[in-house]
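Colleague: Residue strings, one per chain:
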Amino acid sequence: MSEPRILFDRVWKKFQRGELHDSLRDLIPAFTRRMLGRGGEDKTELHEGDFWAVRDLSFEVLPGQTLGIIGPNGSGKSTSLKLLTRILEPSRGFAEVRGRPGALIEVSAGFHGDLTGRENVYLQGAIMGMKSVDIARKFDEIVEFSGVQEAIDTPVKRYSSGMNARLGFSIAAHLEPDVLIIDEVLAVGDLSFQERAFGRIRDLARSGIPVVMVSHQLDRIAELCTDAILLTRGEVLARGSAADAITAYVQQHDAARTVASTGLVRLEALRLAEDVTVRSGERCVVRIAGHIAEAIENHIEPLQLRVRSLRTGNLVYITGSRRLGVQLDKPGPFAVDIDLQANLPTGSYMLEAAAVNLMTQKDIASATSVMLRVRDPGTFAGGVQLNGVMRVTS
Amino acid sequence: MTSSLVLAEESGERRDGAAVRHPNSEPPVELRRTVLGDFRTIISELRQSRDLIHQLTLRDIRIRYKQAVFGFAWALLLPAAVILAGMAVRVAYSYASGRGLNPVQIGGMAVKAVPWAFFVGCINTGTASLVGNMSLVTKIYFPREVLPLGSVLAQTFDSLIGLLIISCLLPFLGITASLQLLWVPPLLVVLWILALAFALFLSCANLFFRDVKYLVQVFLTFGIFVTPVILDATMYGPRGSRVMMMNPVAPILEGLRLAVVEHHNLLHPSLGPGGYLFWRPWYLVYSAGWAIGGLLVSAIIFHRSERRFAEIV
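One line per chain: the protein sequences are A and B, in this order. Using the numbering used here, you'd call the opening residue of the first sequence number 1 and step up by one each time. Using the numbering used here, you'd call the opening residue of the second sequence number 395 and step up by one each time.
Next comes chain A alone, as it looks inside the complex:
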């Protein structure tokens, strides 16, 4: 096993709420207070108005590994990346990148509107740490990748925001880094550019470069990352495989939905009988067990299965025991297999199970979700139709 290339060791980062003193006039009272009162302020402790943006975060990334960091806004994802790229300094702990980092963060931050695309390529490249000779060597490649050939000698202030972002991304994507750090840049440009950009990053990741990426596009995380961390308010909520972390995230996000747990139905873990990855059109079996406390009425659906696309976050398919003609009304434990045909386009999907009160449309019980990955080698005919079949196994 090789040495970790990205190391984050018990890192804490403190930020201050409200305004810092910004002018000399504010400094003088603050300074005298410091001289009179508590002398040496410990920068590793919290003081009034401070909060931890990142608490006790540790991870390492080995060559060949791709780590995704997910979580809601303000959970410390971007702060972690800034700590890695040395823009910020940890309050406690130790963050290090071994080798030359390539950061795909704010890829057009160095652009100056009055300069032409060509001039900006050299400028932005230099800011990102490329040598002028390397930029010159790759110039044509960069411009071709960005697709702004005709406008390369036009000042970038006349560019559309998409052109701007595409050119910026292309420069960053042609760095030759030892370590890749990506913050939410996969959503730039039109669909075809996004595919190209994602392909480029996938190639880099597959070539063995360790990658850390932050994204809200969960399907991208699912597709690219070998490991993932779920952050919430600066703390690690879950870590493990990308599927595990995404599952935890979706569940945390959905926690608000699970209301009124009546105890009428209890559902246990949802599992895939075989592989997590299936080809489009193939069948897969989902297993679930549960317990029904007392005889249930007609408006209760004891087992609803939902398929959620991680690309859009929307449900693409809903089925249930009643729709599939299976009687689960009797009290006592039950176990079922749901046979699905994965008539889905390429992507990652969340399989969720719940018991629902059909009158109020509220969940009364839910099971841990499971992720399904679909690859389409050209067999997907269009039209999401999963042809579910449910069998009671006990």
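It is worth saying that the hints were derived from the structure and are not from the lab. Treat the hints with caution; some may be incorrect.
Below are the EDC-like pairs computed for lysine to aspartate or glutamate, each with C-alpha atoms no more than 16 Å apart in a straight line [said to hold, decoys possible]:
1. B:Lys533 <-> B:Glu700
2. A:Lys14 <-> A:Glu106
3. B:Lys533 <-> A:Asp114
4. A:Lys14 <-> B:Asp445
5. A:Lys131 <-> A:Glu176
6. B:Lys460 <-> A:Asp153
7. A:Lys330 <-> A:Glu297
8. A:Lys131 <-> B:Glu439
9. A:Lys131 <-> B:Asp445
10. B:Lys533 <-> A:Glu89
11. A:Lys157 <-> A:Glu184
12. B:Lys460 <-> A:Asp114
13. A:Lys157 <-> A:Glu176
14. A:Lys330 <-> A:Glu294
15. A:Lys138 <-> A:Glu176
16. B:Lys533 <-> A:Glu48
17. B:Lys533 <-> B:Glu705
18. A:Lys14 <-> A:Glu297
19. A:Lys157 <-> A:Asp114
20. A:Lys157 <-> A:Glu96
21. A:Lys14 <-> A:Glu48
Given the coordinates of chain A, work out where chain B should sit on it, guided by the hints.
Modeller: Just chain B now, with coordinates in the frame of chain A:
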């Protein structure tokens, strides 16, 4: 696929942070900062950033001349304004004193106006260099020293053009060449270092306290009255001139005038109009001391506060 990631539950007892070490990690290296070590870091970072410095300088120069009506005439605007204002003062002065105004005096002023304009320009653009590039400072890592350095270099380019044009004009003002012209390059180098020292310090100060920019404006506006640019230091009398020469820029400007206009060897003392000792050779050491000492101190201050820039800006 070997996963080095541990589940959150397993690492739960590491909440307190310091007590338990993360597996496979070396202990955090507590680097003791030495002044010498800092300089070594600064120099090696700057050497690695040569292309970046070049590109940033080029950017500043390009921006100034793009979409600008005057083009390269901009480089002459401030020195020309100083010379014109100086001529107005000198005319009034010669009328009051009853002594005439000769072109050599105007030449002496021109020799000082370009370096002064350079110094003012460096401090103005240098002070704004970090805050003006806020989006870069908060988003991309690179040695931040390159920003003030780039703005000083862009200003240097401007001033070299100004210097070239002024030098062509000097013969018409009755100023002849001499061996003492050799003093010009070392004096300009000292001025350059001094300007860089100020730019480094002030850019950093302005990032922490935004009112520094306004203070600098005030100082630069009034600085011309306590720096021998329009008037020569000798015009302030024996005591006045000695006080004025304590301004670290003054010996550089007066040295330039003495060497270029009066063909004076700066290693020898020079007497003022009333016969008092005006130029003392140690003034050279004094200015150079300010420049080099200032650069070292401001580089250390800059380097040590650098990692807090992104948070404070």
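Colleague: Compare the structure with the hints numbered earlier in the document and write down the numbers of the violated ones, lowest to highest.
Modeller: 2, 3, 4, 11, 13, 16, 18 and 20
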